[in-house]
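Q: Sequence:
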Amino acid sequence: MHEHTKRICDFLTEIQLPFRFHEVEENTFLPGLKTVMGTLYIDNEKLLYPGDILHEAGHIAVCEPIFRDQLHEDVYKNGLKNGREKQAMQGEEMAAIAWSIAAIQYIGLPLEVVLHKDGYKGASNSFVSAFKEGKGFGYPLLNAWDMTCPEQGFPKMQKWIRELRWINELS
1202 MHEHTKRICD
1212 FLTEIQLPFR
1222 FHEVEENTFL
1232 PGLKTVMGTL
1242 YIDNEKLLYP
1252 GDILHEAGHI
1262 AVCEPIFRDQ
1272 LHEDVYKNGL
1282 KNGREKQAMQ
1292 GEEMAAIAWS
1302 IAAIQYIGLP
1312 LEVVLHKDGY
1322 KGASNSFVSA
1332 FKEGKGFGYP
1342 LLNAWDMTCP
1352 EQGFPKMQKW
1362 IRELRWINEL
1372 S
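Residue 1254 in our numbering sits at position 53 of the sequence shown, with consecutive numbering throughout.
It is worth saying that the hints were derived from the structure and are not from the lab.
Just so you know, even glycine gets a beta-carbon here, dropped at the ideal spot from N, CA and C.
Hints may be right or wrong, so weigh each one.
[Said to hold, decoys possible] Simulated pairs of lysine-lysine, PhoX-like, Cα-Cα distance not exceeding 25 Å:
1) K1333 <-> K1318
2) K1322 <-> K1336
3) K1278 <-> K1247
4) K1322 <-> K1287
5) K1360 <-> K1207
6) K1247 <-> K1207
7) K1207 <-> K1318
8) K1357 <-> K1336
9) K1357 <-> K1333
10) K1247 <-> K1322
11) K1336 <-> K1318
[Stated by the list, open to error] Label-pair ranges, simulated between beta-carbon atoms:
12) K1207 <-> K1318: 19 to 27 Å
13) E1204 <-> G1284: 38 to 46 Å
14) R1366 <-> N1245: 33 to 41 Å
15) E1334 <-> Y1307: 18 to 26 Å
Using the sequences and the hints given, assemble the complete structure.
A: Now the structure itself:
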């Protein structure tokens, strides 16, 4: 196991985010990673970038709590099938990126582990610059969900798993 993978998985254990090492047979958006009913499956043989673990874990961590157990495979397509709003999921996508930035800094690894050159459709360098200059995105949602530290603000977190609900019951 790659040292970065070990440190990231130790972090996931610390914050009690559900994951397991499991073979991922099909091709997935991020090789070696798949979300199954709210649990992150990690296939060490197929994983290309350890930082991708944090991006996928971020989706689980920032998801509207009532929908977390429904996160499955293509989170966006399945969310639409389950009646989730596009805007909410797009917001969670941005928040998941910000969450992964806070997490990699907490773990003590460089931003480039998460924002690697082969990710984010070629925008990773501009994302690295933005977050290093304090001009990133997604963290206002982390603030709104009471996840960031009130005294220090982003990237310091007080909660790693979203508890604040905006939706209290399924229709």
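Q: Run every hint past the structure and note whether it holds.
A: Taking the hints in turn, this is what the structure says about them:
| no. | hint | verdict |
| --- | --- | --- |
| 1 | K1333 <-> K1318 | holds (16 Å) |
| 2 | K1322 <-> K1336 | holds (19 Å) |
| 3 | K1278 <-> K1247 | holds (23 Å) |
| 4 | K1322 <-> K1287 | holds (20 Å) |
| 5 | K1360 <-> K1207 | holds (21 Å) |
| 6 | K1247 <-> K1207 | holds (15 Å) |
| 7 | K1207 <-> K1318 | holds (21 Å) |
| 8 | K1357 <-> K1336 | holds (15 Å) |
| 9 | K1357 <-> K1333 | holds (14 Å) |
| 10 | K1247 <-> K1322 | holds (20 Å) |
| 11 | K1336 <-> K1318 | holds (19 Å) |
| 12 | K1207 <-> K1318: 19 to 27 Å | holds (22 Å) |
| 13 | E1204 <-> G1284: 38 to 46 Å | holds (41 Å) |
| 14 | R1366 <-> N1245: 33 to 41 Å | holds (34 Å) |
| 15 | E1334 <-> Y1307: 18 to 26 Å | holds (19 Å) |
When the structure is compared with the earlier hints, no violation turns up for any of them.
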